[in-house]
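From these two lone chains plus the hints, build me the complex, please.
Residue numbers (our numbering), protein chains in the order written: chain A, 1274 to 1605; chain S, 457 to 755.
A couple of the hints might just be wrong.
[Unchecked claim] Below, in silico cross-link-like pairs of lysine to any residue (SDA-like), each with a Cα-Cα straight-line distance of 20 Å or less:
# : chain 1 : residue 1 : chain 2 : residue 2
1 : S       : Lys583    : S       : Lys520
2 : S       : Lys520    : A       : Phe1436
3 : S       : Lys583    : A       : Glu1508
4 : S       : Lys607    : S       : Gly710
5 : S       : Lys607    : A       : Phe1436
Everything labelled a hint here was simulated from the structure, so no lab data went into it.
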Amino acid sequence: MIKLIIRRLLFLITVIWAASTIVFFIPRISQKNPVRERFATLAISGGFSPKDLEVIIASYNTKFGLDKPLFEQYTDYLSSISRFDLGVSYNKYPRTVLELIMDSLPWTIVLLLVTTVLSFVIGNLLGAIAAWPRAPRWLRTFATPFILLQGVPPVLMGVLLLFFIGFKLKLAPLGGAYSTGVIPDWSSLTFIWDVVWHQILPGLALLLGSVGGWTLSMRGMGITIQGEDYVNFAEHKGLGGYTIFKDYYLRNALLPQATGLALALGGVVVSAIVIESQFGLPGIGRVLDAAIRSNDFLVIYGVVLFVTIAVATLMVLMEFIYPLLDPRIRNE
Amino acid sequence: MTTVSLAQPEIIQPSRLTLIFRYMRRNKGLAVGLFILLLLVIFTVYGMATADLKHAYPITVKSKQPPSWEFPLGTDFFGRDLYVAMIVGLKETALIGLLAGGLGTMVGVVLGFISAYFGGWLDMIIKGICQILTPIPALLIQIIIAGSLDKRDVTIYTMAFVVVLLAWMGPTLVIRAQVLTMKERQFVSVAKLSGMGDLGIIFSEILPNLLPFIAASFVNQVFYAVFASFYLAVLGLGPLREPLLGNTIWAAQGQSAFFNNWWWWPLFPALALVLVLGSLALINMGMDELANPRVRKTE
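Only chain S is shown next, with the shape it has when bound in the complex (with noise of 0.2 Å):
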């Protein structure tokens, strides 16, 4: 608690950054996994511009190595130099993360707003779709895409591309039943009388009070995307060129890497996965705090 002088009359508001950080004092999962997340970057961040990424790749340096000075985290059975692999693999997680989360949230908030806005059949085949696919886990029919794909074929795209496929309906929900609460309240019939056409009542009156549940549901989607290429790649379904977290588990799985006493192939990756998930999970919390004020905390 800051001690509040009493010597001034003036009301001082206080500066953003310091909203912000009073802010993130009441919602601590919001802080701490965006403190996560941050030191994650700065890692990977500071990886690429140090070390020689050719070494994430298979026989570039002396197989099956603890980890020493020399290899901070050991090296696999193909020779791949696991530090370099772990930095190449958390920025592909990344960029899967973001793309397909990116995608995702902003199908879902397309079709959301068609769906509640327009209303009538555009409404009932978009909900009703949502509906039938929901039932459907998602990650068995994309272990079915990713399995027809031709495995050279296998990019960190496709990967990207086959998690988005499936992942869209529960932004579209999510988008909708808000859309559908706010195209009621008066801010939005006031300039419906003023003449103001759809496309401007959309853009200027609804998205930005939606902008709170649009971010809450992109974290969403990209904890959701994270984790649903991790399963494809644990399984083997992944890009299998490439040192993703998931990926290099499989591997080391593939190759009994416990009963050979080769502890740091599968343990590092899983780690550093967990922060990964873990961040983004306590964010996604935070977020939604920040989305629903109702569940808000006072301070």
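If we strip away everything but chain A, and leave its shape as in the complex, we get (with noise of 0.2 Å):
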């Protein structure tokens, strides 16, 4: 068991390394410079002379390291990723990139929460139902349309439940993380519910956008456990039909389920990012959005790498979870 922790946990540091290394390379085989472009366009605006800019990015350079050899500039950049700094914000400028990701990261977590539980629940059941034949024939068929939503991503769903519910029926807000001109107060349950009621068209668009995958999958393995020696024995035991199918069917089709969970992450951090930004939640999808809008690279840099790393790590935990879910390996 240790030794497996140990193996894990290397790969995981590996994978961490390997994404810190991807994200530091590839802007610099670009030719972009972005201190230069951001002092470019200062320039246009602001009346600053050619040379003067010149002496102001020299200075700048020097301060963020970007006139070190290119390998030192890899170590300081490792080091300083394995104590957790990101650097800071071009834009905001002493804000650094860690806060400006903390301040979004609740917002992106509730919504990240609520949606993948809710559809995990909803799914798993709805494919176990689906396939399992003793379930009336009305409740089977409420599968169909998850299953056939399920190549939509959340973010065109988004686009659609704005156009048919948030502005034909006019039933939910257009966007936004809360009403106009209110101001922000956690301890008014008028101001929470505000907050709520904003969260539910980008909550319902991922959710629908990933029912279906979940669905489809349970359906699968539903399928095959039905055949089972152990499910037809607990038949002929005379076991009634929902013990049947919480205690042998359900329980053994889910375990390889736990594992999608794990994979099925990274889409979903994604598709949540960009549905924030589509809805201009608070969020990290609106720390990168407009961090792409105002090309600010660090915080473009930060956040993916700081989303990478969250997004491995939890796939790595997933894995010592998943003894405790199957008393198969935890005896091992």
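Structure follows, in structure tokens:
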């Protein structure tokens, strides 16, 4: 067991190192100089002479260590990452990238947690019922529309929901985290209700975009398990349909699904980020969107690296949790 | 069910076309997916032939017009005819999908073959790289790559290239696994014993048997490429001048289209993308069934 943990941790460190290296080298392969570009745009609006500009750029390069040799920059960068230092924002200068991320992270985590848990539960139940031959027919066909929706990415679902529910029926707001003109006050219930109200459409978009995948894989899993001897045996023992469904069928079919949860995480996180920028929610997605729109490079790299490391870590953690769910692995 | 007349003693082998049709009737997902895709291709080709493609670019028509006889899908804030923009956008989406999907599958097939057939340290390296890259969300790395490019340099081709850079691991692992099992089959041993070279065995013994898997993985890659390029475009990292479907949605969001009552602007590109991705997903599921006879339904 300890050997397994060490192997997994080494793997995690390798993944983080690989991601950081990719994030470090890719921007340097292209000939774009973020500092120069930033000041060039400033020079257009503000009035300093080109000569001053060169001096400013040179001083900035020394400050951020951009004049050192590439290898030294790389080692500096790796050591700063190990200290969770992702640099500062060019656009909102004194603020660090980590601060920007930490401010917006709670929004993203709540949105992701609620939608992922809901879609996992709903999707797996629908899939299990769809494959369960004793379930009433109308209940089984309930899964079909969700399976068909599976190819539609959550972001497109967002556009469609905005049109039909937000724009046509006017049942939900068109974007933003809370109504304009409202002063954030987490102690008032009306404000909290307003926030929840604004999260419904983006949450629904993420949910509808991901339920189908679970339904489909659970249905496949359910069909294979039905033929197993222990299910037949349970039936011949005269156990009730509900007990068989819950303890013999669902429990075993759910195990591989839990592994799938870790794999699906990467895709869901990216969808959530795009959805947030689409609906103007104050999560990580909007930080990234604002950074892309204003060429704020360190923020783009910082956000991507942060999310990558978070996803990779969660995936490895899921593998540690897995033995708790499956007694067969636990006893080894 | 067709009735079989018993008067004819000899067995008539049905023509290839009938066999294909019969298979389609069983594999409904594949049939529906192919049908939608065919409609989209007809729409695009017809549009390319009849419409004035210049109108897909800004300041060529009256701006902010709702759908009408003159502009079936309306026009946007920048003065683009959205009907023409959709035609050009669909063509470009297809281009990215085919290019990135084709390249990704090709790289995957080559690496998968090398890895599985020759084994040893080459296999260790290729498999190791694939395993390390898999937990890293490819779309995020693609955001970095696309964000590092000069905005003026981004074209349809660079988009396809960016997508393919991190999209070859899936097919590599699939093909590797298949070659590994295929390598141990008896017909390969027979070929080896009769003195056939490595290249001969790969091309005339293993490759033909792998074709269904390669085709399935190609469709999968095309779906993934369209999906990834859409996400990049909707974040504003696409070729900004081109009326790619994702770009149109991004531009509409940037101008708060729903707040301003220009509902047609983001809606139609979104519906078109739903059709494209939906048909690809259906074909993908159908191809899976074709490639894995074990899950194939019987009549």
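We went through each hint and held it up to the structure:
1. Under the criterion of a C-alpha separation no larger than 20 Å, the hint pairing S/Lys583 with S/Lys520 is inconsistent with the structure, at around 52 Å.
2. Distance check on the hinted pair: S/Lys520 and A/Phe1436 sit about 17 Å apart at the alpha-carbon level, within 20 Å; holds.
3. Restraint check for S/Lys583 and A/Glu1508: the C-alpha separation of about 44 Å exceeds 20 Å, so the hint is violated.
4. Using a Cα cut-off of 20 Å, the hinted pair S/Lys607 and S/Gly710 holds, with the two alpha carbons roughly 17 Å apart.
5. Distance hint between S/Lys607 and A/Phe1436 is unfulfilled; the C-alpha atoms sit about 30 Å from each other, more than 20 Å.
Comparing the model with each numbered hint stated earlier shows that hints 1, 3, 5 do not hold.
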